[in-house]
Amino acid sequence: MASLASSVRRVTKYKIVWPLLAMAILYLFNLIVVPGFFKIEVIDGHLYGSLVDVLNRGTPLIIMAIGMALVIALEGIDISVGSVLAIAGSMAIFMLEGHSLWVAILASLVIGLLCGLWNGMLVSILGIQPMVATLILLTVGRGIAQLITNGQILTTTNKGYEFIGKGYFLGLPFAVYIAAAVFIIIYLLKTKTAFGLFLEATGANRKSSEYAGVKPRAIFMSAYAICGLLAATAGIIYSSNLSSADANNAGLWYELDAILAVVIGGTSMRGGRFYLGGTVIGAIFIQSLTTTIYSLGVPPESILLVKAFVVILVCLIQSDAFRQMLTFKRKVTTS
Amino acid sequence: MKALRIRVSSNNIIILATLLLLVLLYGAGSMMYTGFFSMQVFLNLFIDNAYLIIVATGMAFVIITGGIDLSVASVVALISMVSASLLEQGMNAYVVMSISLLVGIAFGAGQGYLIHRFQLHPWIVTLAGMFLGRGIAYLIGTESIVVKNETYTKISSYKINLFGGGFISISVVIALLFVILAILVGRYTGFGRAVYALGGSERSSVLMGLSVGNTTIAVYTLSGFCSALGGIVFTFYMLSGNSLHLMGMEMDAIAACVIGGILLTGGFGYLIGPMFGVLCTGIIQTIIIFQGTLSSWWTKIVIGFLLFLFMALQRLIVMRKEKGGNATQITRKIAKNNVKM
Numbered sequence: 000m001a002s003l004a005s006s007v008r009r010v011t012k013y014k015i016v017w018p019l020l021a022m023a024i025l026y027l028f029n030l031i032v033v034p035g036f037f038k039i040e041v042i043d044g045h046l047y048g049s050l051v052d053v054l055n056r057g058t059p060l061i062i063m064a065i066g067m068a069l070v071i072a073l074e075g076i077d078i079s080v081g082s083v084l085a086i087a088g089s090m091a092i093f094m095l096e097g098h099s100l101w102v103a104i105l106a107s108l109v110i111g112l113l114c115g116l117w118n119g120m121l122v123s124i125l126g127i128q129p130m131v132a133t134l135i136l137l138t139v140g141r142g143i144a145q146l147i148t149n150g151q152i153l154t155t156t157n158k159g160y161e162f163i164g165k166g167y168f169l170g171l172p173f174a175v176y177i178a179a180a181v182f183i184i185i186y187l188l189k190t191k192t193a194f195g196l197f198l199e200a201t202g203a204n205r206k207s208s209e210y211a212g213v214k215p216r217a218i219f220m221s222a223y224a225i226c227g228l229l230a231a232t233a234g235i236i237y238s239s240n241l242s243s244a245d246a247n248n249a250g251l252w253y254e255l256d257a258i259l260a261v262v263i264g265g266t267s268m269r270g271g272r273f274y275l276g277g278t279v280i281g282a283i284f285i286q287s288l289t290t291t292i293y294s295l296g297v298p299p300e301s302i303l304l305v306k307a308f309v310v311i312l313v314c315l316i317q318s319d320a321f322r323q324m325l326t327f328k329r330k331v332t333t334s
Numbered sequence: 000m001k002a003l004r005i006r007v008s009s010n011n012i013i014i015l016a017t018l019l020l021l022v023l024l025y026g027a028g029s030m031m032y033t034g035f036f037s038m039q040v041f042l043n044l045f046i047d048n049a050y051l052i053i054v055a056t057g058m059a060f061v062i063i064t065g066g067i068d069l070s071v072a073s074v075v076a077l078i079s080m081v082s083a084s085l086l087e088q089g090m091n092a093y094v095v096m097s098i099s100l101l102v103g104i105a106f107g108a109g110q111g112y113l114i115h116r117f118q119l120h121p122w123i124v125t126l127a128g129m130f131l132g133r134g135i136a137y138l139i140g141t142e143s144i145v146v147k148n149e150t151y152t153k154i155s156s157y158k159i160n161l162f163g164g165g166f167i168s169i170s171v172v173i174a175l176l177f178v179i180l181a182i183l184v185g186r187y188t189g190f191g192r193a194v195y196a197l198g199g200s201e202r203s204s205v206l207m208g209l210s211v212g213n214t215t216i217a218v219y220t221l222s223g224f225c226s227a228l229g230g231i232v233f234t235f236y237m238l239s240g241n242s243l244h245l246m247g248m249e250m251d252a253i254a255a256c257v258i259g260g261i262l263l264t265g266g267f268g269y270l271i272g273p274m275f276g277v278l279c280t281g282i283i284q285t286i287i288i289f290q291g292t293l294s295s296w297w298t299k300i301v302i303g304f305l306l307f308l309f310m311a312l313q314r315l316i317v318m319r320k321e322k323g324g325n326a327t328q329i330t331r332k333i334a335k336n337n338v339k340m
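Protein chains in written order, with numbering that gives the first Met the number 0: chain H, 0 to 334; chain B, 0 to 340.
Hints are not guaranteed to be accurate.
Label pairs and their in silico Cβ distance ranges [stated by the list, open to error]:
| id | chain 1 | residue 1 | chain 2 | residue 2 | range |
| --- | --- | --- | --- | --- | --- |
| 1 | B | 320 | H | 251 | 36 to 42 Å |
| 2 | H | 23 | B | 88 | 40 to 46 Å |
| 3 | B | 150 | H | 216 | 55 to 61 Å |
| 4 | B | 184 | H | 150 | 41 to 47 Å |
| 5 | B | 320 | H | 206 | 19 to 25 Å |
| 6 | H | 322 | B | 150 | 21 to 27 Å |
| 7 | H | 214 | B | 239 | 37 to 43 Å |
| 8 | H | 276 | B | 318 | 54 to 60 Å |
| 9 | H | 297 | B | 116 | 56 to 62 Å |
| 10 | B | 105 | H | 45 | 47 to 53 Å |
Residues on chain B that point at chain H, a partial pick, calculated with CB under 10 Å [to be verified]:
| id | residue |
| --- | --- |
| 11 | 69 |
| 12 | 141 |
| 13 | 159 |
| 14 | 160 |
| 15 | 162 |
| 16 | 196 |
| 17 | 246 |
| 18 | 253 |
| 19 | 306 |
Rough simulated footprint, nothing fancy, chain H against chain B, three-plus residues with beta-carbon under 8 Å [what the hints assert, rightly or not]:
| id | stretch |
| --- | --- |
| 20 | 108-121 |
| 21 | 173-182 |
In case anyone wonders, no lab produced these hints; they're calculated from the structure. In this text, a Cβ means the ideal position worked out from N, Cα and C, and glycines have one as well.
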């Protein structure tokens, strides 16, 4: 047992190494193959270049993945985040007609929170498997978004709203600051409050944490609610970046990206400990991968294919049976 | 004639509720719209949903073992794309069908192997499978391909006339035969019993000496096969291949299973159930089409709501069973729910 414990500790210590390593390889590849990938220019006091672009476009994913990390820490999953993103974006732009900016943002966040609470209710009170419970909102959500937009693509010209996704502040995209704020808040929530402790305890072993006096239902509810809220935040940034809301295509396939970011970041699908730093790195890695595929001129359709293989590969690496099979070859297969 | 005396118990309560809902929905549709209560409208339910009946029945096997298969919709789309593009190159129709079935079987077996051998969550593997299927379909082509093959168009337009003036398509016959076969397999073969045992308790099945690994792989292979068969039937129906076909159909299949009384926690369910579930969702769709002004998105919303109701019902029954309560109160609850619909 002692050797098992020490090996687990050794692996956890290096959790963040994997995403960083993957990223280093990807960037090394870019350095050789894609000329100008690292070029950063300053135009009108704003930074421009592929790297800034990755950061800017990656913010919805980073925010969403942070929410997903909380849910996955509970051995749950939320595959409705892409639809919630679409609902929130549609809601915000719909409300901008005739309402002030703050009302629109608030309405959008509230609807995201409601979606999260709905998922949390299904999972914690009705005890439905998270996958199936959130599947309802995955498909119904796009229908709801369609109802809000009345089947059309809504656009906005509100300058204040566009600033959220397109504006620059001190040389960096404004959305990056939002992502940083979200990260810091959730990080403080994880490390400085009892909620973070309870969350990891419930994810690691629900029954024993229940015996220890933690109320799993409340924990599940809050985790899903936060996930919904963050998905809505991502939806606001996403729709403001495009100045439009498309109920059908906004955030399509984002759920896989978010799950992938969390898993690459070293959080196990089996719940328990979760890693916010790793999640952010994972999200940036995925966005870099997408940007790389685009700049290579490979048909963008193949992105889905590549990502599907990466998911399976990462899950295999996390699987005990696979590790036993390749005890000695592990380093070779992961690099 | 013992079988005719049906007693309401927690075992068949959901399927009875589904039948009641089916009659109520159809009755409501007939009352509201003229021309709804006709033989052909009813038969069209089968014609339009033949592929879904097949896919949902395959899904039922997976759910009974306690797993889930999210890749079904993208496999159907993939098969439609594969067969359309192969037919375009002038390949023989029957060869194309065999290739399609093989693709489905290989897809399912691969997923089953990953799930069993490496103890991965079924949904993460099949979620990846869902993206893989769509991804391959996108690679074959992003444009819709029309099927002009003679065999396919002939099968597609062939009508089997019934008594009373209605007609059905060959796809319906395939689907119904498949359901009957599934019921027989589930009831009378070792494989069927192993599936139910595995869903009841994996540990007990291992201790009983059932080969859990083979059953798991077989069940996902079966689901892959069903998706492929569904894909072929769907290609007959649409006569086109498109990588964007049936986005979100996996929920329809799962909804059909849940409405048809397959317990999501596994181990229980009648294999005729998914067909009733499909008919329920089909009637809802037909009502929305007859209504005319509602957008088609309402179908998804109503089915999602129905799925939620039946999940809540299942949960209630499981909780009752755990407490050892009787079924009469549940019956009342169902009656209430149906009135709400």
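For each hint, the structure was consulted:
no., hint, in the structure
1, B:320 - H:251: 36 to 42 Å, "holds, 40 Å"
2, H:23 - B:88: 40 to 46 Å, "holds, 44 Å"
3, B:150 - H:216: 55 to 61 Å, "holds, 57 Å"
4, B:184 - H:150: 41 to 47 Å, "holds, 43 Å"
5, B:320 - H:206: 19 to 25 Å, "holds, 20 Å"
6, H:322 - B:150: 21 to 27 Å, "violated, 49 Å"
7, H:214 - B:239: 37 to 43 Å, "violated, 53 Å"
8, H:276 - B:318: 54 to 60 Å, "violated, 41 Å"
9, H:297 - B:116: 56 to 62 Å, "violated, 31 Å"
10, B:105 - H:45: 47 to 53 Å, "holds, 51 Å"
11, 69, "holds, 8 Å"
12, 141, "holds, 6 Å"
13, 159, "violated, 33 Å"
14, 160, "violated, 37 Å"
15, 162, "violated, 38 Å"
16, 196, "violated, 20 Å"
17, 246, "holds, 9 Å"
18, 253, "holds, 6 Å"
19, 306, "holds, 6 Å"
20, 108-121, "holds (count 6)"
21, 173-182, "violated (count 0)"
Consistency note: the structure conflicts with the earlier hints numbered 6, 7, 8, 9, 13, 14, 15, 16, 21.
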